[in-house]
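J.: Same order as they appear, the protein sequences are chains C and V. Mapping of the first sequence onto full-length UniProt numbering: position 223 corresponds to residue 223, and the numbering continues sequentially without gaps. Mapping of the second sequence onto full-length UniProt numbering: position 269 corresponds to residue 269, and the numbering continues sequentially without gaps.
In case anyone wonders, no lab produced these hints; they're calculated from the structure. Please read all numbers here as calculations on a predicted model, not as lab measurements. Possibly wrong hints are sitting among the right ones.
[Said to hold, decoys possible] These stretches of chain V come out as covered by chain C in the derived footprint (C-beta under 8 Å, 3 or more residues):
(1) 318-326
(2) 339-349
[Stated by the list, open to error] Among the chain V residues that face chain C by a calculated CB cut under 10 Å, a handful are:
(3) D61
(4) P93
(5) V95
(6) I106
(7) D112
(8) T150
(9) F167
(10) A191
(11) A297
(12) G301
(13) Y335
[Claimed, not checked] Just some of the chain V residues that point at chain C, by a computed CB distance under 7 Å:
(14) M57
(15) Y115
(16) I151
(17) G304
(18) E305
All C-beta atoms in this analysis are idealised placements derived from N, C-alpha and C, irrespective of residue type, glycine included.
Each chain, letter by letter, is given below.
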Amino acid sequence: IMSIFGEVPQAAPVAVFKLTADFREDQNPRKVNLGVGAYRTDECQPWVLPVVRKVEKMIADDHSLNHEYLPILGLPEFRSSSSKIALGEDSPAIKDNRVGAVQCLGGTGALKIGAEFLRRWYNGTDNTKTPVYVSAPTWENHNAVFSNAGFEDIRPYKYWDAGKRGLDLEGFLGDLESAPDHSIFVLHACAHNPTGTDPTQDQWKQIADVMMRKSLFAFFDSAYQGFASGNLDKDAWAVRYFVSQGFELFCAQSFSKNFGLYNERVGNLTVVAKDQDNLNRVLSQMEKIVRITWSNPPSQGARLVAITLNTPELFAEWKDNVKTMADRVLLMRAQLKEKLKALGTPGTWEHITEQIGMFSFTGLNPKQVEYLVKEKHIYLMASGRINMCGLTTKNIDYVAESIHEAVTTVQ
Amino acid sequence: MKTVSPISLKRYSNSSQISLKSWADQLNNYLAVAAYLHSILNFFFIFLSSWWTEVQMGPPDPILGVTEAFKRDTNPKKMNLGVGAYRDDQGKPFVLSCVRKAEAQIAAKKLDKEYLPIGGLAEFSKACSQLALGPDNEVLKSGRSITIQTISGTGSLRVGANFVSRFHNASRDVYLPKPSWGNHTPIFRDAGMQLKAYSYYDPKTCGFDFKGALHDISKIPEKSVIVLHACAHNPTGVDPRPEQWKEMAALIKKRNLLVFFDMAYQGFASGDIDRDAWAVRDFIEQGHNILLSQSFAKNMGLYGERVGGFTVVCKDVEEAKRVESQLKILIRPIYSNPPMNGARIASTILNTPELYKEWLVEVKDMADRIITMREMFVSNLKKEGSTHNWQHVTEQIGMFCFTGLKPEQVERLIKEFSIYMTKDGRISVAGVTSANVGYLAHAIHAVTK
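Turn these sequences into a full structure, and let the hints steer you where they fit.
T.: If you want it as structure tokens, here you go:
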């Protein structure tokens, strides 16, 4: 029988998941997975936060809870407490009643709803030609989220300077200046993925200046709040600064990493508008988009986060758990740099401790990466991105030595 | 901003010999002040205006509106018949016992929270397809289908709509039954499809317009997509009989249409999961390679956990693999991968024999309560002295009932009796209890006699 799907081509697998699949199949006992972005303990195990286990049990034991539908925009106490996390307990914008939120399926879902809304209602109606700028490089799904929302013009803005292994501020500011007014810019709130390189506060101020002057739209992607420096407020500085400067903005928040709730898909799209009236109209339209995408969001993860954020002792425990994760990453960064220096590995390795968050852009080239994957069974992205969480006190020597080999023998 | 010195005209006003240069200076000064004022105004304008000035207020959701009005009503006898969720005979939400047991089992395992694959929990997807197709189905044995976990029924329809839009280039047309679930239209439309309809509900009989459906279907252009409600049609509760399904299957085959089943109520309609899936299975047997959306919101009471599945029956294993790869590409930029909790619960129930047995009993109990309420409703109407034909109430099936009430009658029910339903006269039988069915019958008799 002729099939209507006879012409459907085989799609390429998503690279980061393919990497993990290959890692799983590898039988080599020394194998190391420095690919996908999930936290691991020093025993290289997934870590369910102690506070999460505690709250999970509370929920399971509470037989007054049921599985009824959440409202379309999500669990109210989750939305409000999540926005407070991003903008600060005392945010003037929250006090002005001009902050709202949509509970979404992870950070991806928040980006999706924000992108769909902007395509319909920003810079005119249904203006698919508004340029959307994403950093070069950026999380590989950003492009697809915005293009699937209908945007036709997705462009890179200069960000990573491979030569100096740091932020190309001049290039970034230059691209901001030359961008058409009203362009959308996707900004990483902290712990830039994949480079781990964030602007300093002073640099953020310069970025904000240009964006304000040229009416550029700030769409923050905040997937690592707390996870980057270990301090929630510090990691939210950029978002809060932009709000204080009067920007109307979106902030896509993910609780996958900082709560370790990867598979429960807990995300929040925080919306900051000029006033409550504008906010309400925006939320009403986002509701329509949600209804034709997933109707209403999943309840388990949101309940868990809401209970934690709204209960002082649990909130304190959570912050402590987050700091535990951030500290282990910082330790691995320090140790990796030390070992590479001790080995005399050519090149500078300061960037390993200067970069922040889960990822490090090592600067290794594709050939060197291939060498590590094929010869040393160390799995990392072709871009040279490593997940610091994949390092442990037990494998760090092997990894350091392998990097040394790759750099010295492979050009 | 450069500072501007105050302009003085006095220097020039008394002189009759004003030079060109001094006029130029004066003009420049005026321009400088104007520029200064303009930039101040600009600052305030940016400060006060919003990106969202042109954003219209979205229309209120008609069903939510019913619930909102119901909440505000202080009448102790009020009834919410707009609710699309099951209620027990006390009018309370119902958490199935097998769900509680599954949850306890899962909690004891202390599982991690690592990302699921894009297509979801494999053991869930497998069990989901077996539930729909029957475990011995040739399609499953041959491996020529793909089932993925989705965000309940809506998420499944959305992925399906996106898939059809991207890969079914032979047609842009999706045919829905008239009427259909309100959310079908915007989902398919937003995915880029064109919406059309085929006759389905006959308001004269409050039943199935079989002749009308066949007539319309016979005119549908080849390769169009046709959406069928597998059982417990929403919103009418009107389902075709098996022999009618058979004729439709043959005609749809003849017309060479792409069949997209929406099955949100398997088990919930008749109380028997095999009976409710009969049409789906028969179509496959007749050679239709169907698309299928499943929801576990109602039949497992997992509403807020968002548990669903999407299935594509393909020509062979190789095609199923290609289709699967493309579904992943569609899903990744929407939500990356699905939520674990509900799928884990559903999977535990479907894959644990004692829990599965218990579930079958519980889903039958829910269906039976609905059927009982229908019967009580009709018998109470007769007792009230109603002479109308209320047969359709017991002939219809599932959560919803198209009463046949007119908008004015609905309005009276809301205003005079605090009985809330949607304007089309649809009631959720789940909102009826043995305690309030008498009041309902009394009210409906009052507005229809």
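J.: Now tell me if each hint is right for this structure.
T.: Comparing the hints with the structure gives:
1. 318-326: holds (count 6)
2. 339-349: That given contact holds, which follows from 4 residues of the stretch 339-349 of chain V lying within Cβ reach (below 8 Å) of chain C.
3. D61: holds (7 Å)
4. P93: holds (5 Å)
5. V95: For V95 (chain V), the interface hint holds, since the closest Cβ of chain C sits about 5 Å away, which is under 10 Å.
6. I106: Hint holds; I106 (chain V) Cβ to chain C Cβ min 9 Å, cut 10 Å.
7. D112: holds (4 Å)
8. T150: With a minimum Cβ separation of about 9 Å from chain C (threshold 10 Å), the hint on T150 (chain V) holds.
9. F167: holds (5 Å)
10. A191: holds (9 Å)
11. A297: holds (8 Å)
12. G301: holds (6 Å)
13. Y335: holds (4 Å)
14. M57: With a minimum Cβ separation of about 5 Å from chain C (threshold 7 Å), the hint on M57 (chain V) holds.
15. Y115: holds (5 Å)
16. I151: With a minimum Cβ separation of about 4 Å from chain C (threshold 7 Å), the hint on I151 (chain V) holds.
17. G304: Check passed: Cβ of G304 (chain V) comes within 4 Å of chain C, closer than 7 Å.
18. E305: With Cβ-Cβ at 6 Å, under 7 Å, it holds.
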